[in-house]
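Make the full structure from the sequences, and use the hints.
Protein chains in written order, with this note's numbering: chain G, 18 to 330; chain X, 18 to 330.
Among the clues, some could well be false.
Chain copies aren't distinguished; within one or between two, either way the pair holds.
What the hints assert, rightly or not - DSS-like, lysine-lysine: derived pairs with alpha carbons at most 30 angstroms apart:
hint, residue 1, residue 2
1, Lys204, Lys36
2, Lys29, Lys327
3, Lys147, Lys29
4, Lys147, Lys286
5, Lys147, Lys36
6, Lys29, Lys304
7, Lys320, Lys36
8, Lys315, Lys266
The set of hints was computed from the structure by calculation and includes no laboratory data.
2 protein chains.
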Amino acid sequence: MPFKEKISLFEKRLAEELKSSVEFIEAIAEDLVSAGGKRLRPKLAFLAADLVGANNEVAVNVAVAVELLHSASLLHDDLIDDADTRRGREAAFRRYGNIVSVMSGDFMLAKVLGILAQTNNAKFTLLMSKTASQICEGEVLQFQAASLESYSFDIYYQIIEGKTAALFVAAIKGVGILANLEAEQQKALEDYAWAYGRAFQMRDDYLDLLGNAEVLGKPVGGDLKEGKATYAVLKLFERNIYEAKEIVKRHASKDNDINRMIELIREYKADDSARAQIDYEVKKAIKAVSIFPDSVAKSELIKLANNELKRIS
Amino acid sequence: MPFKEKISLFEKRLAEELKSSVEFIEAIAEDLVSAGGKRLRPKLAFLAADLVGANNEVAVNVAVAVELLHSASLLHDDLIDDADTRRGREAAFRRYGNIVSVMSGDFMLAKVLGILAQTNNAKFTLLMSKTASQICEGEVLQFQAASLESYSFDIYYQIIEGKTAALFVAAIKGVGILANLEAEQQKALEDYAWAYGRAFQMRDDYLDLLGNAEVLGKPVGGDLKEGKATYAVLKLFERNIYEAKEIVKRHASKDNDINRMIELIREYKADDSARAQIDYEVKKAIKAVSIFPDSVAKSELIKLANNELKRIS
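Have a look at this one:
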């Protein structure tokens with residue numbers, strides 16, 4: 018079955034899951050369905066299924082469960098940024114926005130439970146539990162690190178794993194679990210997903226500061242403005258560059274702060290370090306899937322990982 | 018085993034579930050554990066287990082899963098009220114409050130999944146999925162009804178069932194499912210829980226408007242101020258009392274609105290109707306458990322239901 022048809026199976030099932038007798042919930046759900054998006058996590062589930070010969074039903078169940086969890090976390094994350102970005106708008110809007118975000122996110126989580134009841138596999142349920150915990154912990158840790166000004170590579174990895182890699186793992190490992198894959202192949206899939214997920218988020222973080230504002234469609238330095246220290250900045254911390262610490266501490270609030278941070282990063286070649294680390298994760302991801310025989314799905318997974326390098330070189 | 022020891026099994030397990038490597042999450046979790054509260058839902062799970070001869074492990078699993086879902090919904094509900102009650106405080110506090118509320122609620126939901134993986138029973142997982150959906154739908158429906166000014170007894174029942182009864186059902190029916198109860202007894206438990214849950218919330222709603230402010234510890238009429246029309250008010254709508262509709266429409270914003278609504282309710286004996294309806298639900302609950310042989314647990318369940326009448330007579 019061509020990929021397009023698979024994705025349309027997914028979209029159909031997603032729409033079914035989101036049906037509700039409550040008008041306002043239906044409206045939000047329709048937004049989610051029609052917005053579409055890249056559907057990267059469903060794509061990973063379908064590629065994993067192709068790679069290991071799992072059927073479409075398995076892939077659709079995993080894809081929908083993971084996409085619902087992803088959407089719920091986006092909705093709940095939006096809300097967190099609400100107070101900042103929507104400050105000044107009238108309370109009624111914020112109030113409506115809050116109900117929309119929290120309750121429709123919760124509704125999606127309820128539907129994840131429904132899929133877990135259907136698949137009825139304790140290992141898959143446990144995987145989704147761990148994934149959901151990691152997402153929350155990553156989110157709170159990111160906030161905590163900025164509040165307590167406690168930064169380290171360990172914390173950074175836990176944040177990006179929670180934010181991105183955990184859901185990639187759920188999409189790929191979930192298929193392996195439901196397809197009863199043997200341990201060695203299962204581990205290979207998982208290794209791929211963690212490494213690719215980390216590379217993906219590290220590239221995002223890299224571009225947020227060192228990318229091109231026009232290509233990004235937003236000004237660079239957004240993370241710094243929120244007190245977030247990502248890989249290249251942590252490399253400066255490692256070298257005890259006092260100025261870099263001060264900029265993060267004041268959330269890049271002075272006029273030239275973002276430009277100065279970029280200068281520091283280039284001066285100490287922290288950008289090279291960040292790219293090298295992404296390269297390392299990409300190579301690890303590709304190596305992990307090398308145990309599988311060649312196939313279209315395998316090439317696609319390799320291509321996805323390699324893309325993370327192209328966008329920053 | 019005495020009830021006190023059972024509850025301490027529950028508290029111990031709840032604390033274990035809420036462990037996290039992230040300091041801020043631990044802090045919120047500790048609040049939840051130390052706050053305690055009435056633990057009514059766990060109590061229902063233990064009573065149901067006694068009634069049907071299920072073991073403590075079953076009761077603890079259900080009690081912890083249901084209490085976590087309840088706590089998550091309270092945290093997410095607090096947030097919704099945030100904009101109103103905390104308006105004026107600085108954004109940083111609200112922002113921290115938001116992260117705390119949403120993410121720790123989500124973390125609790127993740128732990129519910131963990132328990133579902135452990136109990137590994139598709140029917141129980143499905144029950145929890147439906148319960149979570151009903152909670153969200155009830156919450157959004159309540160908001161929607163106030164926004165669109167669309168009120169009816171059907172909508173009211175869906176709201177109170179989502180708000181309260183659904184979790185009572187989960188606590189009691191969950192035990193029945195995990196104890197493999199036969200269909201007739203299972204239905205009896207479920208009937209009890211729905212009726213008791215409705216009576217419980219209707220009594221809460223009754224007291225919110227017609228109770229004693231000193232006993233309540235807050236001014237009466239809070240629901241009216243949020244545009245919520247509860248049972249006695251709906252009785253006035255049924256009789257097409259224009260003035261009552263206007264008061265709800267303007268969220269009781271005029272000085273004498275709440276007193277006037279109380280007068281109208283007494284004038285048209287809508288308070289008697291509300292009490293009669295609670296009485297009806299309480300009797301239904303008690304009748305449902307009559308099929309079980311007499312026991313301490315059965316008496317306790319009957320006493321709980323009867324309490325809903327005492328507080329309003």
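Right, here's what the structure says about each hint:
Proximity of Lys204 to Lys36 under the C-alpha cut-off of 30 angstroms is restricted to the inter-copy arrangement: shortest distance 27 angstroms between copies versus 36 angstroms within a copy. Within a single copy, Lys29 and Lys327 get their C-alpha atoms no closer than 33 angstroms, and across copies no closer than 51 angstroms, so neither meets the 30 angstroms cut-off. Taking the closest pair of Cα atoms, Lys147 and Lys29 come within 30 angstroms of each other both inside a single copy (27 angstroms) and across two copies (21 angstroms). When the C-alpha separation of Lys147 and Lys286 is checked against a cutoff of 30 angstroms, the pair qualifies neither within a copy, at 36 angstroms, nor between copies, at 54 angstroms.
For the identical chains of this complex, Lys147 and Lys36 are neighbours both inside a copy (27 angstroms) and across copies (13 angstroms), given an alpha-carbon limit of 30 angstroms. With identical chains, the CA atoms of Lys29 and Lys304 are never at most 30 angstroms apart, being 35 angstroms at best within one copy and 44 angstroms at best between copies. For the homomeric pair Lys320 and Lys36, neither the shortest alpha-carbon distance inside one copy (36 angstroms) nor that between copies (39 angstroms) is at most 30 angstroms. Neither within a single protomer nor between protomers do Lys315 and Lys266 lie at most 30 angstroms apart by alpha-carbon distance, with minima of 44 angstroms and 61 angstroms respectively.
In summary, the structure is inconsistent with hints 2, 4, 6, 7 and 8 from the numbered list given earlier, while agreeing with the others.
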